[in-house]
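Enquirer: The lines below spell out each chain.
Number of protein chains: 2
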Amino acid sequence: KSGKPLRLKKGFDPSAPDIHLGHVVGLRKLRKLQDLGHQVVLIVGDWTAQIGDPSGRSATRPMLSAEEVMANAETYMAQLFKVVDKEKTEVRWQTEWFGNFTLADVIRLTSRFTVAQILKRDDFAKRYEADQPIAVTELLYPLLQAYDSTVVEADVEFGGTDQRFNNLLGRELQQMVGQRPQQVMLVPILVGTDGVQKMSKSLGNYIGVDEPPDDMYGKAMSISDDHIVNYFELLTDVPEEELGAFRSEMRQGSTNPMDLKKRLSRDLVSQFHGEREADEAQGHFEQVIQRREAPQDMPQLEISFGAPASGPNSDVVAVDGGGEIKVNVVKLVVQAGFAASSGEARRLLQQGAVQVAGRRLTADDVVVPVTPGTTLRVGNRRFIRIVDSG
Amino acid sequence: KSGKPLRLKKGFDPSAPDIHLGHVVGLRKLRKLQDLGHQVVLIVGDWTAQIGDPSGRSATRPMLSAEEVMANAETYMAQLFKVVDKEKTEVRWQTEWFGNFTLADVIRLTSRFTVAQILKRDDFAKRYEADQPIAVTELLYPLLQAYDSTVVEADVEFGGTDQRFNNLLGRELQQMVGQRPQQVMLVPILVGTDGVQKMSKSLGNYIGVDEPPDDMYGKAMSISDDHIVNYFELLTDVPEEELGAFRSEMRQGSTNPMDLKKRLSRDLVSQFHGEREADEAQGHFEQVIQRREAPQDMPQLEISFGAPASGPNSDVVAVDGGGEIKVNVVKLVVQAGFAASSGEARRLLQQGAVQVAGRRLTADDVVVPVTPGTTLRVGNRRFIRIVDSG
Numbered sequence: 005k006s007g008k009p010l011r012l013k014k015g016f017d018p019s020a021p022d023i024h025l026g027h028v029v030g031l032r033k034l035r036k037l038q039d040l041g042h043q044v045v046l047i048v049g050d051w052t053a054q055i056g057d058p059s060g061r062s063a064t065r066p067m068l069s070a071e072e073v074m075a076n077a078e079t080y081m082a083q084l085f086k087v088v089d090k091e092k093t094e095v096r097w098q099t100e101w102f103g104n105f106t107l108a109d110v111i112r113l114t115s116r117f118t119v120a121q122i123l124k125r126d127d128f129a130k131r132y133e134a135d136q137p138i139a140v141t142e143l144l145y146p147l148l149q150a151y152d153s154t155v156v157e158a159d160v161e162f163g164g165t166d167q168r169f170n171n172l173l174g175r176e177l178q179q180m181v182g183q184r185p186q187q188v189m190l191v192p193i194l195v196g197t198d199g200v201q202k203m204s205k206s207l208g209n210y211i212g213v214d215e216p217p218d219d220m221y222g223k224a225m226s227i228s229d230d231h232i233v234n235y236f237e238l239l240t241d242v243p244e245e246e247l248g249a250f251r252s253e254m255r256q257g258s259t260n261p262m263d264l265k266k267r268l269s270r271d272l273v274s275q276f277h278g279e280r281e282a283d284e285a286q287g288h289f290e291q292v293i294q295r296r297e298a299p300q301d302m303p304q305l306e307i308s309f310g311a312p313a314s315g316p317n318s319d320v321v322a323v324d325g326g327g328e329i330k331v332n333v334v335k336l337v338v339q340a341g342f343a344a345s346s347g348e349a350r351r352l353l354q355q356g357a358v359q360v361a362g363r364r365l366t367a368d369d370v371v372v373p374v375t376p377g378t379t380l381r382v383g384n385r386r387f388i389r390i391v392d393s394g
Numbered sequence: 005k006s007g008k009p010l011r012l013k014k015g016f017d018p019s020a021p022d023i024h025l026g027h028v029v030g031l032r033k034l035r036k037l038q039d040l041g042h043q044v045v046l047i048v049g050d051w052t053a054q055i056g057d058p059s060g061r062s063a064t065r066p067m068l069s070a071e072e073v074m075a076n077a078e079t080y081m082a083q084l085f086k087v088v089d090k091e092k093t094e095v096r097w098q099t100e101w102f103g104n105f106t107l108a109d110v111i112r113l114t115s116r117f118t119v120a121q122i123l124k125r126d127d128f129a130k131r132y133e134a135d136q137p138i139a140v141t142e143l144l145y146p147l148l149q150a151y152d153s154t155v156v157e158a159d160v161e162f163g164g165t166d167q168r169f170n171n172l173l174g175r176e177l178q179q180m181v182g183q184r185p186q187q188v189m190l191v192p193i194l195v196g197t198d199g200v201q202k203m204s205k206s207l208g209n210y211i212g213v214d215e216p217p218d219d220m221y222g223k224a225m226s227i228s229d230d231h232i233v234n235y236f237e238l239l240t241d242v243p244e245e246e247l248g249a250f251r252s253e254m255r256q257g258s259t260n261p262m263d264l265k266k267r268l269s270r271d272l273v274s275q276f277h278g279e280r281e282a283d284e285a286q287g288h289f290e291q292v293i294q295r296r297e298a299p300q301d302m303p304q305l306e307i308s309f310g311a312p313a314s315g316p317n318s319d320v321v322a323v324d325g326g327g328e329i330k331v332n333v334v335k336l337v338v339q340a341g342f343a344a345s346s347g348e349a350r351r352l353l354q355q356g357a358v359q360v361a362g363r364r365l366t367a368d369d370v371v372v373p374v375t376p377g378t379t380l381r382v383g384n385r386r387f388i389r390i391v392d393s394g
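These protein sequence lines map, in sequence, to chains V and F.
Residues 5 to 394, numbered by the numbering used here, are exactly what the first sequence covers, in order.
Residues 5 to 394, numbered by the numbering used here, are exactly what the second sequence covers, in order.
It should be emphasised that the hints constitute simulated quantities derived from the structure, not laboratory data.
Hints may contain errors.
Same chains, same label: a pair holds when it works inside one copy or across any pair of copies.
Claimed, not checked - Calculated pairs, SDA-like style, for lysine to any residue (alpha carbon to alpha carbon, straight line, at most 25 angstroms):
hint	residue 1	residue 2
1	Lys36	Val156
2	Lys124	Leu147
3	Lys130	Arg116
Produce the entire structure from the sequences given, and follow the hints as far as they go.
Expert: See the structure below:
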């Protein structure tokens, strides 16, 4: 109202540098406010990161090295500035103030808050009730975050609803030191691709902004029909009146949800990768998923058919007495990066998600023959081609 | 057992530099161990002092200035070394390690303990239960004290029973960093002059080692008969067999407790002031208290009888119309240092504890006439003589 640009504080945890669409919802709001002339202040939480995340899943983490923080911050900002305007962003590292924070500073800060006050935070209260350990260090987390607000003199702090408590503490501390207390802007929650829970990396129901175009397109196509319009609303510039039309078409069944989803997926891929990539991703999707064809290009896995026991990826190979080359599918799926562990690979096999040379395998098909050119397929979208390394 | 001298850690809170007989009980134990060849490590708690005392009466205190800490440490050590052997004492200031303590150090230290663990400490538990505020800072207190033990590699920590929890935390931290955990030596508690509660400055039932001989003697004479032998045991070198004799004489009523108390009081005064002072204090006691005479020497308060309204202590003077000089007794008692406030002085007056010129005053006698040489007496032992400043 005063015409003075607002300082919009946004924290970043460098132990989790990847941005997914759940974060993008808030970042888009920041961008809109930048376009109105306001200033984003990005806080690189290199100190809070080592304490543990606010939801307290992990107690304390090893301190990230300066190099790791730097690398993660680079990764994060490369993604962030796909949405947020770099020119109107001030980047501040907590090290600037916490690097020289003394015990006297800690004492001054901690004397302003009571244990009971901090233990009221939802997750702390639950853990304390349940006799789950809370490290003394964890009580410092919200205090340090609050301190950040005083240093950068934030007018508004952005955060998910799980940040509500921490943000309010920032308000309180600002008042104590004679600053105008920050407003708190809680970002709407985006439901993940499972259609049930909040999008979150740890739940595996996320779409990362750095995912390849095909994956991003495919994942966006997998969201449930119920959430299509919500995604449009929170993640695209489709105007409100058109959203209204979408809603009524969906309600009346006068549109094919698949068409709307394709438009959404195309929109998202072009935002984060570009128009051409969006076209290609759509083409790939239609060919591979809708028409169930193998894609034009797929990654290759080399096996030396001449000297299988000593060539590349020899650990996935089992040579038959008759000279036939076989592969251990469990190992192959892991090797291809389609499963994180043998256990997961075995489950995929049991679920019938694995095909070799177009044949759907069963739990018994662990060792199967291959020839140069054989394709391995896991699920709908993941392919790899076995080639002879010679 | 190993023949290696033990390191005996003793903390000192520089916000409370005065030593009373309750402390002396432990200091005598330290001295005995020094005489056996062990080493005392005195920790000047210039950092913990600012957080608040472990019993949590006060939340946080303003940080003492370096000068105040220095002055208090001098006061303390002048008293301490009346009991403890200076030559076998290593003095360490917390500033040595906490002066450069970083936020990273705080995080490392606090990550080793849980909130629940610290809140188990008796006084915290009670305050938390009763919804009384506990500053986050206060949780740091026992951790800093524990850290001290690791720095000085203490083998034994001395402390009152209220220090039990903090000392055990020190053991735990020492084990975590690979040191042999310290033993904890809890010092027996000395009952105060009220005969009921632990001797403590805040309860006013203490005898300070720096009190003038007459006061020390008089206060020691005021202890109840039940505790005489206990005082001998904890505070003097009277051998065990003689203590046994005292006990049976007391039980059989074959001794006058007053005689035993005189011996005790004499012993104490000579320990802290010397033989001659002990003789004089005993003489003073017998004259003033037992025979109810005024002492030979007493402090003086100057009033200018010639120009009462402008001379020294003119604020206690009320000049009568007839030229008679009167004093405001309430103000005079405060001025003489016999009461901390007008309220307390008024209470003394109401209780009949105040005499002027040998006459016991009542609550109505606030303004009474005086002449040069008039004595003011409060209670049994406190006197002041009004003199003419000319």
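Enquirer: If the cut is 25 angstroms between Cα atoms, do lysine 130 and arginine 116 qualify within a copy, between copies, both or neither?
Expert: both (23 angstroms within a copy, 21 angstroms between copies)
Enquirer: Indicate which option fits the pair lysine 124, leucine 147 if close means a Cα-Cα distance not exceeding 25 angstroms: within, between, both or neither.
Expert: both (14 angstroms within a copy, 23 angstroms between copies)
Enquirer: At most 25 angstroms between CA atoms: does that hold for lysine 36 and valine 156 within a copy, between copies, both, or neither?
Expert: within (21 angstroms within a copy, 58 angstroms between copies)
Going down the numbered hints, you'll see the structure goes against none, and every one checks out.
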